[in-house]
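Chemist: In my numbering, the protein residues as written are 819 to 949.
The hints are simulated quantities; they were obtained by calculation from the structure and are not laboratory data.
Misleading hints may appear alongside valid ones.
Simulated pairs of lysine-lysine, PhoX-like, Cα-Cα distance not exceeding 20 angstroms [said to hold, decoys possible]:
no.: 1; residue 1: K892; residue 2: K844
no.: 2; residue 1: K844; residue 2: K873
no.: 3; residue 1: K900; residue 2: K910
no.: 4; residue 1: K871; residue 2: K910
no.: 5; residue 1: K871; residue 2: K846
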Amino acid sequence: EAIEERCRISQEPVASVLRSVRASVKPKLLDYLARYVFRQDRDTIGDQEIMDKIKERVAEVMNWYIPDIFDFFKTHLRMDLKEQDVEARVAKYFVDFDQFIEEHGFASMLAAGGTDRPDYRDRMKNRCKLI
């Protein structure tokens, strides 16, 4: 969005500002991806394939393991004990928790989301462990 906004203001074509994903990847990493991940010739791998694989890897949690984020949450997420109204205090804590998850990239494993997702139960268990 920021790039599109910049191009709209400067009247530059978006394509001239963007850099290809392939060009951004170091050659040795591209060799590794071609050989072991995609199992195809390096020259046949496109930008979209690389982006899809990156999104897939970022979204998955290895064996449903939660990294040691308890200290991270303990340090950065606090209940406001100055709030006199207990219900308001708890509500604010839960809102802050959801916002914290979004801002720090934990959404794939901790976002509430819909009950129709297959990992809903595991995500709720993980949320309860942290709250």
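Chemist: Work down the list of hints and note, for each, if the structure agrees.
Modeler: These are the hints, each one checked on the structure:
1. As the CA atoms of K892 and K844 are separated by approximately 37 angstroms, the hinted pair breaks the 20 angstroms bound.
2. Annotation: proposed proximity of K844 to K873 holds, straight-line Cα distance about 18 angstroms (limit 20 angstroms).
3. Between the alpha carbons of K900 and K910 the distance comes to roughly 12 angstroms, so the proposed pair stays at or under 20 angstroms and holds.
4. In summary, the hint linking K871 to K910 is not supported, as the alpha carbons are separated by about 36 angstroms, beyond the 20 angstroms threshold.
5. Restraint check for K871 and K846: the C-alpha separation of about 17 angstroms stays at or below 20 angstroms, so the hint holds.
In this structure, the hints that do not hold are numbers 1, 4, in rising order.
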